[in-house]
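Enquirer: This is what each chain is made of:
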Amino acid sequence: MIMNKRIKSFEEGFGTAYTFIIILFASIIFIGLAYLIINSRNHISFDSNIESEVLSQDIAEQIINSMLEDNTPESDSLIDPVWALVSSLNTETVAITLTDLSSRINPNFFRDEIVDETNISKLIFADGHSMAELEQYRSDNTITADLQNGYPEFFSEDGIEFYLSSYSYFNINIADELALTDMYVIRTENESASESFRSKIRQSRTNKTIIYNNEIENIAGSAAGKIYPFINAVPVMNIHLIPEELLSEILSYDFGDDKLKYPEKSFNQIIQKRTNGEIGIDELESIFSVKDEKHLIFDYLGTKTWFWEITISLDDCKRTVIVAELPDKEYSYKPRDAASKGNIKRTLQIISNLFYNEQDL
Amino acid sequence: MKSKRQRFEEGFTLIEAVIAVFILSLGSYLIYLGGHRLYKGFNDLKDRNLFITEAAQCNNLLKTSLNDIRFPYWAPSLSINSSVDEVTLQYLDGDKDSTLSMSFTENGFQILIDEENFIIYKTLSNGYIAPIINDKTITGLNVVFISEKENEYECKALFGGIPIVNMDDYE
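As given, the protein sequences belong to chains X and Z, one line each in that order. Sequence positions in the first sequence follow the numbering used here and run 29 to 389. Sequence positions in the second sequence follow the numbering used here and run 36 to 206.
Source of the hints: derived by calculation from the structure; they are not laboratory data. Keep in mind that a hint or two might mislead.
What the hints assert, rightly or not - Heads up, incomplete: computed chain Z residues facing chain X, CB under 8 Å, no partners named:
1. Pro107
2. Tyr108
3. Gly196
4. Ile197
Heads up, the beta-carbon is just placed ideally off N, CA and C, and yes, glycines get one too.
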């Protein structure tokens with residue numbers, strides 16, 4: 029009889045309406061809990077991104093402030109306090125790099141002579157491309173910040189990674205005339221005045237005169253305020269941080285029949301001096317063995333970096349900051365002004381500040 | 036003495052019936068009021084949720100899109116009035132001829148990418164666009180959405196590249 033009752037009860041089932049309601053209720057609670065956990069996970073990950081964003085911004089600001097506190101603003105070298113700071117901020121979880129962006133060849137304005145008469149073309153071009161082709165392309169198109177897409181397939185991978193940059197000021201003494209005119213039009217939107225600007229530059233080159241930073245106004249007139257600092261007369265590349273291969277090629281250039289006397293000696297001296305310390309502007313004449321202050325070497329090579337890239341990687345996030353230094357208009361950053369280097373006004377400006385989570389890419 | 040059962044079976048007097056009807060009417064009215072308020076509350080909540088959801092989506096899109104606006108350092112400094120309802124920016128992906136436009140229209144907030152692809156956020160029809168200025172440089176945009184209930188939602192997004200400010204233009 030007991031057995032029969034059990035079988036009957038089993039056949040009736042145990043899923044009464046009450047049980048069903050309890051199961052439904054429990055399901056709702058579990059779904060709610062799961063939703064809460066998922067949301068809290070998102071929340072934590074969101075917070076972690078914010079923390080990285082704030083920390084990386086703070087590091088970038090520390091680096092920029094350290095640059096501003098440099099006691100020798102006329103020279104940027106590896107003994108500047110900023111490098112010690114970068115080194116101390118690098119940890120197992122935070123990777124920081126500081127890169128000189130401007131001590132490279134800027135294809136937007138470099139002239140054909142220096143590239144063709146040295147081995148620079150081998151360093152920068154992809155197979156089958158030449159400076160003549162680049163010049164033609166440049167005159168048909170406009171200046172670009174994006175070298176990879178702006179000059180499609182022109183450059184080798186190594187060229188883009190190590191030797192080329194779109195970040196450097198157009199030096200009025202050594203930049204291509206057409207490129208200077210192009211920049212003049214971009215800045216002033218005055219195409220008719222650009223021809224007069226171009227002819228003054230040509231005249232100055234024919235007369236073998238050098239334009240100094242504080243003389244830009246004589247050439248550009250009232251437009252000087254608009255074209256400075258984009259067109260200026262400060263040395264383009266920094267001997268402390270320029271890649272060795274480029275340095276060697278530039279020193280071997282003939283500078284319009286005014287070749288350096290001992291390019292190899294100058295090269296070795298620079299490499300030795302920059303490894304152990306800072307090279308002052310007043311040392312440049314002796315290093316290059318050039319007494320003529322109008323020599324174009326002083327427009328190619330100096331002691332300053334104008335554009336820096338700071339990258340900060342932490343967790344899965346990366347911040348990339350590009351900082352530009354605005355040259356002091358009253359200073360030439362050349363040996364002629366070495367004595368007055370104490371009065372340099374240093375101004376840095378952030379021109380790009382990107383933060384992204386590498387997982388989102 | 037009449038028992039309760041007897042009284043119940045006899046029915047109610049007119050006054051009792053009137054009072055009962057009055058109480059029922061009052062109850063019904065209160066239920067209507069409560070229901071109406073609940074319905075309105077749900078609708079408001081739905082509108083608010085829609086507003087916040089669209090604003091948050093738009094915030095994400097703006098952050099990504101404005102990151103792609105990369106002015107080269109030589110570009111002329113950007114000039115935007117303190118509060119506008121339409122902006123067109125050049126240098127999308129660093130290309131001078133590619134543009135990103137955004138505007139408040141009757142149909143909602145519209146983001147137009149390179150004159151081809153566009154998206155409209157219908158509930159975000161009211162608000163303004165203001166520049167974010169840091170050291171005299173416009174570094175990004177602050178888009179403020181205002182809901183019908185005057186709630187404000189701010190979307191702050193920065194450009195990927197900023198031109199060098201020509202100090203002479205400002206001094």
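Enquirer: Next step is simple, just say for each hint if it's right about the structure.
Expert: Verification of the supplied hints:
1. Pro107: At 4 Å from the nearest chain X Cβ, Pro107 of chain Z passes the 8 Å test, so the hint holds.
2. Tyr108: 5 Å, holds
3. Gly196: 5 Å, holds
4. Ile197: 5 Å, holds
Violated hints for the displayed structure: none, as all numbered hints are satisfied.
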